[in-house]
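Line order of the protein sequences matches chains C and B. Going by this note's numbering, the first sequence opens with residue 35, and the numbers climb by one from there. Going by this note's numbering, the second sequence opens with residue 221, and the numbers climb by one from there.
Hints may be right or wrong, so weigh each one.
Claimed, not checked - Now the stretches of chain B that chain C is said to cover, found in silico as 3 or more residues with beta-carbon under 8 Å:
| # | stretch |
| --- | --- |
| 1 | 226-237 |
| 2 | 410-417 |
| 3 | 513-521 |
What the hints assert, rightly or not - With a cut-off of at most 30 Å between alpha-carbon atoms, the simulated DSS-like pairs for lysine-lysine come out as follows:
| # | chain 1 | residue 1 | chain 2 | residue 2 |
| --- | --- | --- | --- | --- |
| 4 | B | LYS226 | C | LYS147 |
| 5 | B | LYS564 | B | LYS226 |
| 6 | B | LYS596 | C | LYS147 |
Said to hold, decoys possible - Just the calculated beta-carbon pair ranges, DEER-fashion:
| # | chain 1 | residue 1 | chain 2 | residue 2 | range |
| --- | --- | --- | --- | --- | --- |
| 7 | C | SER67 | B | GLU513 | 25 to 35 Å |
| 8 | B | LEU588 | C | ASP129 | 41 to 51 Å |
| 9 | C | PRO170 | B | PHE491 | 34 to 44 Å |
| 10 | C | PRO170 | B | MET512 | 31 to 41 Å |
| 11 | B | LYS596 | C | TYR125 | 19 to 29 Å |
If you are wondering where the hints come from, they were derived from the structure by calculation, not from laboratory data. Bear in mind that the values here come from a model prediction, so they are computed numbers and not experimental data. Glycine included, C-beta positions come from ideal geometry on N, C-alpha and C.
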Amino acid sequence: MSDRVVSPAVARGAVASPPPVLSIRDVQRFYRSGDTTVRALDGVSLDIHRGEVVGISGPSGSGKSTLLLIAGLLEPPSAGEVLIDGRRVSYPAADLDRLRTFRRNHIGFIFQKANLIPFLTAVENVALALEIDHVPPRAARAYAGALLASLDLGHRLDNHPSRLSGGEQQRVAVARALANAPSLLLADEPTAALDSVRGRQVLQLFREIARTRQAAVAVVTHDQRALDLFDRTIELSDGRTRDVAMHGTPGAAGTH
Amino acid sequence: MNLAFKDIRFNLLRFLLTALGVAFLMMSSMGMVGLYRGIVADALLIIERIGADQWVVQGGRQGPFSEGSAISSTLDRRVEGIAGVASARRFVQFSQQFTLHGRQLRASVTGLDFPKDPGRWIPIVRGRLLASGHYEAVADMSIGLRLGEMVHLGQDDYTVIGLTRGMVDTGGDGLLFVTVNDAVAIAQRRTSEEVLLARAGAGPAAASRSSVPQDSKIAAVLVTLNPAVDPEMVRRAASSWGDVNVLSRTEQENLLLNQRLWRLRVQILAFTGVLLVVTCIVVSLIIYMLTMENLHEIAMLKLIGADNSVIIVMIAQQAFLIGASGLGFGLMLSRLVFPFFPRKVLILPGDVALLGIAVAVICAFASLLGISRALKVRAQEVLS
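Chain C extracted, bound-state conformation (with noise of 0.2 Å):
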């Protein structure tokens, strides 16, 4: 992964740094089935850094695609806040609609499927991200190739998805989410459809784009062969924050 890559968002400027990136303070979150209230989060608090990788485990059911759901703004707490780069944007009844903006500016997604839109090719489905953004077309391409090429896909920008093996979609996928270069990533099982193999290399990848682009990743997983690679790895059970295991640089942990 090259350092030399600049994202337009960079050049823009639109990028804000105060540490921590994300900080999920005593969310909890509660869903109505029947007569019943189902705990999905209950009371988990986070704080994520710059240039950290954070694991996220647990058994199924313990709450993770949850507290992925709110950190990515997609889902409102039932109670306690959520502050990306020191700003307060998500809390009980928050209209998440009106943060569209914020969250492409601010939050990369990548799941378990690459969720790469069909009919574009490689080099536009990174692309279509910076346009939204309303980078001119030639530039957000330009900005995307080069991207991609970063990723070792210089040679496939032209292919769709289809054509694409699945390593090499997840690799079109985390470009697309780093295009406008967010301070915070957050991935969904992103190594479950990859062998062992490709799967460590993914979390590489997120190893050294925390560094580089000094972006804070949290990461979803269930395999257990990587955990060597995350600074932190949170496991939660029942919607509560079990176990909060060390594995990295001390100093960029964040507490429980």
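Since the structure of chain C is provided, determine the placement of chain B on it from the hints.
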């Protein structure tokens, strides 16, 4: 980046098949409107081309197109005597079925008052106009006659010396022009059985009569007025005789369109309306289904922060491209197919423009359906 174009280019076959389906609907709508226009044009053809200012018909009747009319065969001479009349021609028209080389053919025999009217108003595409008072005919190609062919009508043989294209009567039968005298002779043809039956029923006097209700076969006198004359004055003069009725060209057109063809016109227009409603439903369903197919991509667009306008433009552009392509293909298909239809299908630019507006409205409605569904998609549906 134009997402609608990218999607269409990627799924070109799906788009082409969809557009083709819409094109057939458009062609049907255009065909219905064209059929309506064709019927009106056919109905007015003879009235407009023959160039008469007034039609003198049987008294108390509104013939010869709306109802039967039989006038004296010498009425034209009386009409010529009215001040202001430049010319008066006798007119006769009736349907005739005949056999040629074992084929059953049908024509609308139309009499030309030769030599006063040699038929210069008839658009000849091959051959020539009538040059003789007897046994020559100018036939429309739709009848199925060829130049130089001889056809037996009544008691005589007629040679086809000229051909026209698109000259038909209100029923769609091709016109066969002969002289008025020949037309009367053809109309008065009787079989031996008819003569015998007439003799048995009414005695020798009745046997000389025609088997058709009126003795005279002349239906009307076509009047051309001097430019400066008041048409009302001529009408009053002719009406004062008591045995005729005088109709202007406009009245004759109104009678045809608003009385004789009224039900047919309303029927065709109603069916066109039904077709447009069906088109609306089908196009709406197509756009809705296209939107449903793209829901995941729409959720993804929302996730990466696309404004609603990006999604709205994508759906609306696709809807309008499908509509425009359907209209274009439909127009091309119409031009290819309709000339082979037995009756005239007239596609007028104004009707195509109106259909284009209708398609635009339909596409806008269809877009609204798709857009309303797309706007309900939540970004987190990417995860589902």
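Hints, one by one, checked against the model:
1. 226-237: holds (count 5)
2. 410-417: It is violated: at least three residues are needed, and the stretch 410-417 of chain B offers just 0 whose Cβ sits closer than 8 Å to chain C.
3. 513-521: holds (count 4)
4. LYS226(B) with LYS147(C): holds (22 Å)
5. LYS564(B) with LYS226(B): Given pair LYS564(B), LYS226(B) is violated - Cα atoms ~41 Å apart, limit 30 Å.
6. LYS596(B) with LYS147(C): holds (23 Å)
7. SER67(C) with GLU513(B): 25 to 35 Å: holds (31 Å)
8. LEU588(B) with ASP129(C): 41 to 51 Å: Cβ of LEU588(B) to Cβ of ASP129(C): about 24 Å, so the range 41 to 51 Å is violated.
9. PRO170(C) with PHE491(B): 34 to 44 Å: violated (51 Å)
10. PRO170(C) with MET512(B): 31 to 41 Å: holds (33 Å)
11. LYS596(B) with TYR125(C): 19 to 29 Å: Taking Cβ atoms as reference, LYS596(B) and TYR125(C) lie about 24 Å apart, which means the hint holds.
Figure legend: structure checked against the earlier numbered hints; hints not met, in rising order: 2, 5, 8 and 9.
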